[in-house]
Each structure stands twice: as C-alpha cells, then as structure tokens.
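Asker: Work out the full structure: start from the sequences and follow the hints.
Protein chains: 2
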Amino acid sequence: MATENTSTYASGYVQPEVDVRALTKVLDGEYAEIRDLVRTNLVTYASVLEEAEELGVDAFRERVRELVVDMAATGQTGMGFPSEYGGGGDIGASIAAFETLAFGDLSVLVKVGVQFGLFGGAILHLGTERHHEAYLPDLITGQLMGCFAMTETGHGSNVQALGTLARYDAARQEFVITTDGDGARKDYIGNAARHAELAVVFAQLEVGGKSEGVHAFVVPVRMGGEVAPGVRIEDDGRKMGLNGVDNGRIWFDGVRVPREALLNRFADVTTEGVYESSIENPDRRFFTMLGTLVQGRVSVGGAGVNAAKVALVIATKYAARRRQFEAASDAEEQLLLDYGLHQRRLLPLIARTYALHFAQDVVRTQLHEVFSGIKDDAPARRRLESRAAGTKALGTWHATRVVQECGGAGYLSVNRFAALKADSDIFTTFEGDNHVLLQLVAKGLLTHYASEFEDLDQLGMVRYVTNLAVETVIEKTSAHKLLERVRDLLPGGDEWDQEAGLLDSEYQLAMLRYREEHMLAGVARRLKRGVDQKRNPGVVFSQVQDHVIAVAHAHVERLVLEAFVDKVRALPDGGNRVALGLLCDLFALSTIEADRAWFMEHGRLTVQRSKAISREVNDLCRKVRPLAVGLVDAWGVPPEMLRAPDLVG
Amino acid sequence: MATENTSTYASGYVQPEVDVRALTKVLDGEYAEIRDLVRTNLVTYASVLEEAEELGVDAFRERVRELVVDMAATGQTGMGFPSEYGGGGDIGASIAAFETLAFGDLSVLVKVGVQFGLFGGAILHLGTERHHEAYLPDLITGQLMGCFAMTETGHGSNVQALGTLARYDAARQEFVITTDGDGARKDYIGNAARHAELAVVFAQLEVGGKSEGVHAFVVPVRMGGEVAPGVRIEDDGRKMGLNGVDNGRIWFDGVRVPREALLNRFADVTTEGVYESSIENPDRRFFTMLGTLVQGRVSVGGAGVNAAKVALVIATKYAARRRQFEAASDAEEQLLLDYGLHQRRLLPLIARTYALHFAQDVVRTQLHEVFSGIKDDAPARRRLESRAAGTKALGTWHATRVVQECGGAGYLSVNRFAALKADSDIFTTFEGDNHVLLQLVAKGLLTHYASEFEDLDQLGMVRYVTNLAVETVIEKTSAHKLLERVRDLLPGGDEWDQEAGLLDSEYQLAMLRYREEHMLAGVARRLKRGVDQKRNPGVVFSQVQDHVIAVAHAHVERLVLEAFVDKVRALPDGGNRVALGLLCDLFALSTIEADRAWFMEHGRLTVQRSKAISREVNDLCRKVRPLAVGLVDAWGVPPEMLRAPDLVG
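As they're listed, the protein sequences go chains W and S.
All residue numbers for the first sequence refer to full-length UniProt numbering, where the first residue is 1 and numbers rise by one.
All residue numbers for the second sequence refer to full-length UniProt numbering, where the first residue is 1 and numbers rise by one.
Treat the hints as calculated values from the structure; they're not laboratory data.
Heads up, the beta-carbon is just placed ideally off N, CA and C, and yes, glycines get one too.
Be careful, since some hints might not be right.
[As the list claims (entries may be wrong)] Reference listing, derived: stretches of chain W covered by chain S, where coverage requires no fewer than 3 residues with Cβ under 8 Å from a Cβ of chain S:
id, stretch
1, 421–435
2, 544–553
3, 604–613
[Stated by the list, open to error] In silico lysine-lysine, DSS-like type, Cα no more than 27 Å apart, as pairs:
id, chain 1, residue 1, chain 2, residue 2
4, S, Lys611, W, Lys528
5, S, Lys534, W, Lys611
6, W, Lys534, S, Lys534
7, S, Lys611, W, Lys611
Answerer: Set out below in structure tokens:
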C-alpha cells in the first residue's frame, strides 16, 4: 500500500491549490445573488438555532412562523411565483433559495416548503386565475397560511388510492368533503395543527355517482383562528425533530365548499354538473396533476445535499484541528484528518457531496426550463420527473448518511449534529419515500423494454411495470439488441475496460453505464421469466424488488457522475479544475469500489484491478486531504450556522 | 432467481414452528428470574416513556433519579455488589439486569450505569474495605449519588494522558486535586450537573515531585446540595438524547482530600509519603486498574443488542400487518413483510441480533467467571478484555444500524423510534469509542506476531502494536508458519471451500476464520514493511489503520458466529432448533455476502459461488419470514415498551 502510493509523489504530481472564492462562484452559479440574500437572512435570524432548543414546542412554532413571514418580506421565499402577484417569477431561483435555506434550522426550511412549495405550489399549478387572484398575493407574504392535505394514515405513497371523498352536490353546486373511515384521515400535514387557514385537500371526486379519481380542492379549515365547522384537527404532537412545524391530522365531516373550490386547471365540473377534462385518460390526468408538483422533490433533494454540507464542514474543520493519541511522535499527537481511516470516512463523502451538488444543478435547470416554458414537452417532463425522483432519493440518503458518519463527536446540542440528525432523517421519507421514488425511476427505465412483454397485459404485469411510470416512448429493443447495447458501452471493445486507466473518466462512466444496462436487462428478464411461468405477478415483482431499486440507484449514480464529469470538463484550467478532477475521480472510484463485488461477479473487474481501485482511492484521499478545508469552505456555509464552538472554534 | 428457490420447497423442506415460550427460556437462560424482575419494573414505571417527552429537562432528570432509587429498592440494580453491603453478589445477574433494562427508557438505563456501574464499580474494584464500608451501602440504595470523572475535554479515549493533577502534600497527608488547563476539565460526566455528591476522579498522581501515573480518588463535589469549595461545575445542557441524565463539566481548583481518598487497591501512598504498589510496571498497573472496569463495556454491548430488539419488534410487527400498494391483486394490497426487499432489510438484522445475543452470553459468562473468582487468571482476563471490547463495538453499532433501518415509518414521538434514535447513538462512543476498542482488539491479535518485529523497539513501532494491548503470550510464529495456519483453516484442504455446502457451518466458520487470519497477517506484513523502509511509524500506522479496524471486526464476527453455532448445536431437536439453525445460516451467509468482494479478491469465492450465496440468502429470508413474529416475540420485550400504537396495535 505504502509503496504504490509514494510513487505518485515521486512521478511529479503537483498538489493543486484551491481558490475558495472562485470555487464558491462556480458552485453558486447563476443564482449567487439569491443565495447570498438567503445567507444574509440566515445570519440575521441565526438565533433560531438556539431557540429551537430553548423554546417549548408551542413557542417555537410561533417563532418559526414569525421568521418565515419576515423572510418572505425579503422576497426570498416567493421567487417561484409570478411577479404580477408579488412573486419573483424565477422558478430556478426559488429552488436555489430553498437549497441555501437548508444551511439553517430545518424547521424553518420545512415550514417554507409547506407554505410556499406545497400549499402555494398547488394553488399555482393546479388552480386557475380565480384561485391565483384570491390566494397568491396573501400566501406569498405569508399572511395567509395553508396546508397541503394529501397524505392519509392509510395511504402514504399510494396517492391514487386516497380515501377522502368529494361528492358533487349538483343541486347546491357544492362539493361535500368527507373523511371515509379512520384510514382516510389526513396525517402528518404540516401547518395543520396551528397555522393553516386553508387546506388544499386531495380527495376522490364523485360526480353524479361516478368516481373521477383524485382531485384537489381548496377547503377552509380555520376561520378567525377557530377550526371550521365540520373539520376536526388533532395535533401530531412532539416529533423527533422539526418541532417548529405544526403537523397535524385532519378529518372532514361533510364539509361543503363551492364548485369553484376545485383547483380546475386540468379538470372541472361545469355549472350543469358535468365533469370535463382536457386529459381523457384518468391515469394520465392524475399523473399530469401530480407532475406539476415535482418542484417539491427537486427542492428537498437539494436541501438534503446542503444539510449534508453543514455536517461535513463541522466534521472537516474538527478533524483538521483535533489531535488524537496514537501519535506520530510522543511530542505531538497527530491530526485526526491525517489518519487513513478518517480520510476514508470523510473525503469520499465530500466528493459525493460535490457530485450531488452538480447533479442538483442539472435537475434544477431542467425544472426551470420546463416550468418557464423554455423547453416544455412530454419527453422533457418525463425526464424531469424521473430525474427529480432519483436525485431526491440519493440527495436525502446522502444527508442521513453524512450526518450519521460525521456526528460521532457531536453529541451535545451546542453543536448542530443533534438538530441535524433529528431534523433531517424524515427527508428520506417526505416528498416521496426514497424506495418508492426509485421504483418510479426503474419503471420509467423498464418501459423501454415493454416490447418484450407483449403478453403481459392479461396477466396484469404491465400494471407493475408502468403503473407509476409516466408515458414513455417504447423502444423496440429485442433481447439480442440489448446485449449489443451492453457491449457498445465499452468504447474500446469487449476487453477495453480491463486495460483502461482508472483515472480515465470515460472508463469510469463506462463502468457505471455497464452496471446500469446490465441490471436493467436482468430485471426485465426476471419479470418476463416469472410471467412466462404463470406465477402471480405481485409475487414476481416482490421478488425482484431489490433488483428494481438497485437498477434505479445505478441509473441515478451514473447521471450524477455524468453531471460531475461535464462540470469538470467545462471549467477553465487551474487549481480548482485539478482539485475538482481529483474529487470527481474519488467519487467515481469510491462508487465503483463500493460495488466492486458486483463488478467482479459480472466480469468487469478482475481481482487485481479491484484491489488497484482500492489503492487508488487511498491515494486520492491523500491528495484531497490538504485541500479538504478549502473545499468545504467553498460551500459558503455561514459560520453562524455551524455553532459547535468547541469543535471548529 | 425464482426457479432456484422454488426448488427448495419442492425438495421436501418442512417449515418449522417456533415455540415462543420455550425460546424465551433459551434466550433468558440462567438469568430468567432477574430479567423478569426487570420486566416487571419496566412495566410498573412505563409512564417514564411519555414523561421523557412531556417533562422539561430539569423535571425529567429528577423523575429519572426518583425512578432509579425506586428500582434500586427492588434489588434490581445492586446485583453486582457483595451481599454484606446490601448487594446481590452475582455479577452475571447484574449484567443481565442491565441488558434487560435497555428495553425501556435509555436515560434510566444510563443513569443506572453511571451510578452503579461506573461510580459504584470504581469504588468496589479500585477501592478497599475502608471505601466499601464508607460508601457501598448508601450508593447501592441510590441515596448516595456519585459520578465517574474520567473523560476530559482534551482527552477522550487516551486516559493515560489525562491532565488533572493529584499532588501529594506529605506535610498535611492530603492530595491536592487541580484541573491543569481547560483541556483537563472533566466533561460529559453523568450525574455531575445535579445529583452527584461524590466523584471518583482520575488524575495524574504526583508524590514527592515524581509522577506515578493515573490513579482514582474519591472527591466530594457537593455538600448538602451545594457545590463543594474549590469545585466548579457546569451543566452540559440539553443533549440530542438521554436528557434524563445530568451530564456536566467539572473543574478542580486545589481541592484537598485526605490520604485515604486514594482508591488504593492496586497502589497506595503510605503515611510516610512513600508510593507503593503491588504491580511494578506502571503501564501494567494502569491497565490492571482499567481492566477491573470492563463490566461497563460488557453492560453497554448487551444493552445495545436489547435496544435493537425493541426497534426490531416494532418494525417486524408493523411489516406483518401493514399493507402497501404494488399489490398482488387489486382486491388486497400485499403485506410489507412479503416483499423481497423488505425481508432483505429486516430478517438478516433479526438473525444478527440473535447472533449477538448469544455472543453476549459468552462474554457475560466470562466476566462472571473472572470476577467471581471461578476462573480468574491473566489469560482469562486478557480474553475477557478483548472480547468485551469487540462485543461492545459490534453490539452498539448494530443498535445504531437497526434503529436507522427500522425507523423509517416511525417519525412521531408516540412510537419509540425517535427516542431510540436520539438516545442510543452515543452508545457507540461511550465506554470506549468503537473504533478505539477495535484497535485494542487488533493489538491483542497483533502481539501474536510480535516476534516478527524484533527490530521495532527502537523505532517506536512496538508502542503502536502493544501500547493498549494487555500483555499477551508471544507466539513464535514465523511468516512461513503463518501461511500454513491459513491453509489449516480449511478442514478439507486448499480447495475444499470451493465445494463445501453453503449451509455447512464448518464451511461458514472456515470462511470467517480465513478472512481473519489473512487480514491479520496482512496488517503485520504492512507494519513490518513500513518499518523496514524506515518510514515514520506514526504515518505507517495511520495508513494501515483501516486494515487494523477491519481485522478486529473480522475477528469479533468470527467469535459471534462461533457463539451462535455452538448455541444451535447444544439445543434439543425441534422447531426452535430448526428455526435458530435457519437464522444462524442467514447470519453467516449474509455476513459473508456483505464482504463477498473481499472473499473474491482473496481467492476464496468464485463469481458463481458468490452469486449462489446471494440466492441462498434470499431463500433463507423466505424461510424465516413466516417465523419472524414468533422470533421477535421470544425476546420478551414488554408490549408497554413498544408504544407505537398505530404501528403494532
């Protein structure tokens, strides 16, 4: 180990230097201005980090509300709304603002997400002018608080099966909203327990006795601070974290709202009591409606990555000043960050954070282009939805893992790990459970193979393959062609990857592409085989579920690496480019290393080469180590957000 | 995938049934009585689980103190003390009681650990009759609360380098205790912020200007509820969890205590002011003193395993009743536990919990035998210390992982995941940071190879290899012999493992033994090579640190598997034996699977065989699935400890 690595230094490797300010510019990109506004606001309201501990639940909820309203006044939270209603008219900037807000207290972040993203987003995207005029101006200032009542106790991820009913009463031109059994109570609804006056309620629409599927309605849940008649609200109580957000349960007992309460952008009930929609297919209609809410996923994924940054800044600065016994000499103990094991724990996480940051840039740009009409067509929406699901899953899992890995020394509340841990875990679950999201990604991929499943319709298999997936162009790919595609992934032919340089990004990309394609073909074959054997499709799907998740994960990791490689290639020469190149290699090779068993099992890594990759990862860690503090400083996390005086002081 | 597995059913496999009550007897073993007493107490005081949320920090600390005193009155917490002072005189039972207490609120557990394990244990094991008579009766009832002031801000794991001074003033026959600089303040000390009247203070003893190393002293820190003169105490404040324990910082400013305050079992200062000790070597003396405190590690490891059980019971019962969409049929959604992915996440964790439970039995028995004088010699103490360190590390990491994996659905405080997560994380750090503990294990292993390091003394390498390791018989093993040993590990010769049955426990054990021996030899070689190249020993060690941790981890996993295999073999025929056999296979094969890249890289797994192991793990999961609820019920976690009414109700 030692020998191979020292040779690198001997062969003329020049350690780059990081220009922190220039790197921050690269990272902040086109949204530097709004990010700096949020940074300023975070510092102004930094006391909220202490208040999160010191105040009781009730007082803290009020404090967070106050602060959200104050921040709204700076324009920070309304960037995504049209300027005619007082918004900033820039969807990309609104996501960037939300991401940056994740450096601070996460209750504030989630309250902002609930009010402006979920509630405001539903009014904006599912409603029409009458709703915009009635609600947008006041909700953008935070004067009118609302909640997004989708999730039910009995139905977490399966929104199409919600139990709440909205029956149309043609005589009175009203909808009657009813909670149909306790499983249909709305649950975990942010803003519900205290502050919401309105709720956007997702319910099964029934018109003239016919069920038309899930639609959204604006329902007053409080009037003058009192819970509205027919509405029952229960407080979800103290949670593990995010106690500044007032989550609650809501029941509706025949609550009547006017016909105009239906958010009618995609479907309406006419004054004559006729249901009509511009989208004929009910499934397509449903997924089109849901699709407009994709910004929530993009936001949460980016927020996860930024929460991870806070933990990594603290951990890196701590490791760069904390000495530990097991010293190099008796006189002075060695710095934590000089230990191989510690480098191995920390530096690949920094590399992955950079990778996910640049992948987030890509999905944010896609979102901006679709929702600003710059590039809005069906394939672009499909790509966006799949990518948002995958990036959200990887970004929030990363946050959980980073906080876990870095939090060892940080048990006291005075540094931020306790709060980060308590507050960020749920990110993997809300805005779509990560496992469910990856299934969505996989289903999108699988529809490419749908031609192999001609006889599946009768068996119901197609339901599992395409149910959640948005429509996809079906490629006529035969099994034979598939194999060729897999081979085509290796630019230098079948054996090329056995000789290619480990630091060749084409090699790294080819490895991740190969893994993805091979896994995808495997899942398709397994599903088909199960169906050919006339086995219960549900059982078959259940048995390949881990493969489904794995292929989606592999797909998203490949996209993340592509984003990182593209970014590095586009940078001007200099220390920052060299440094990011090292990080990109570290991300790619540690990702391959983590799955090296799979690559060996599938003939793409020899034992020798697998070991060489591990040595290269060690070597990259040693090269990145002197850059570590600069690399985390470049994220521009305000020092006030770190707390942890004993650790980083 | 499907084909291979269905064949198992076709070939006459008979699904066993679990006899839950009989299995509980097996698990509770000889300590069923004390475990049942603790279960009863847990149910009696079950309200503490709500109080942990509802009460403020101050009130909750008082409530926990009250409860600990009440439990003490039942005899539960004093089992480890001699009966002449009011204890139970059964060290094994005291550990079993502590383990069982981990089903409940973990603040209560840790308060018990601080008071009776750390404080009481130090008085008992480091003190002599005068200390026993003065303190044991009152501390056993909980009337006299104390703390264990070892950790300092500047020195977490490196106790030999503590900064607190205890200078002997021969004229007045007193020790003068002084905090030497802010890094020497005692920190994170449980019971310090509020309740402790006494502290056992670890400090550098100086007699006649000569430093004699770290010794322990009984120092009053409060008198009549007021902090004693010369003592300063600061509250560590709110923590992420365990807020029922009053952790604090302590400074000493020339605090004088009489000569008799030295806990003098292993060393004393005579009335004439002469330092004397029955153990000449200062290092050996120090490690002998520390060694008497090993029960803390044994306790925490067992507690970690039992905290994991609580999370697994909730998660398993939830998965066995919760239906999810992606259903087998339109009519009824499929149970979570019927999903392959869910089985893969949950069932190997249940298997590993069983494995760690039986490994805990072994280390508890060793502890009992050593400390009851049944089998107390130097090699037995060495074995105990190494095993306690390793079992603690694996048990507490397991708890963190299980709580993380199972906690997805459990975000609200009303079920126990929030508390479990917040309270149990620190288990991996206290009573010895897990990474440091595994280094200790590894050093014990490495001393076997010390003969290969003849020339290391001058270079200081031996310091890294043996510093923390307890004395060990040095085996005269040459590198050549080592290789033979590795080969000897495969009972049927060099290629035997390529053909052996995957479910043959001899095969499974041979794989884990091979991994351990090979890694150990590798670390030894790497250290030697670095030293031969005259490189800085600290740097060399830093670069092999991950290998050092890995070998220790491999060693402990092998011990855990051995304990499980032994247990299954000793069971009478019947459903429980078959069920535990399945679990044991699942533990062994999922452990090998998790490290299959290593086995492939080291020629012990072919690609085909590696894939076969994954298929076998899937198959075992499907066989264990119908037994899952019975297997977790057998742990005997009182239902009141589960809370989570919505999840398991």
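Asker: Each hint should be assessed against the structure and marked as holding or not.
Answerer: Cross-check of the supplied hints:
By the rule of at least three residues with a Cβ nearer than 8 Å to a Cβ of chain S, the coverage given for the stretch 421–435 of chain W holds, with 8 such residues. Restraint check on the stretch 544–553 of chain W versus chain S: 4 residues with Cβ-Cβ distances below 8 Å, three needed, restraint holds. With 3 residues having a Cβ less than 8 Å from any Cβ of chain S, the stretch 604–613 of chain W passes the three-residue criterion, so the hint holds. In summary, the hint linking S:Lys611 to W:Lys528 is supported, as the alpha carbons are separated by about 20 Å, within the 27 Å threshold.
Proposed proximity of S:Lys534 and W:Lys611 is supported: the alpha carbons are some 25 Å apart, at most 27 Å. About 68 Å separates the Cα atoms of W:Lys534 and S:Lys534, which puts this hinted pair outside 27 Å; it is violated. A hinted pair counts as satisfied when its Cα atoms are at most 27 Å apart, and S:Lys611 with W:Lys611 qualifies at roughly 20 Å.
The structure fails hint 6 only (numbered hints given earlier).
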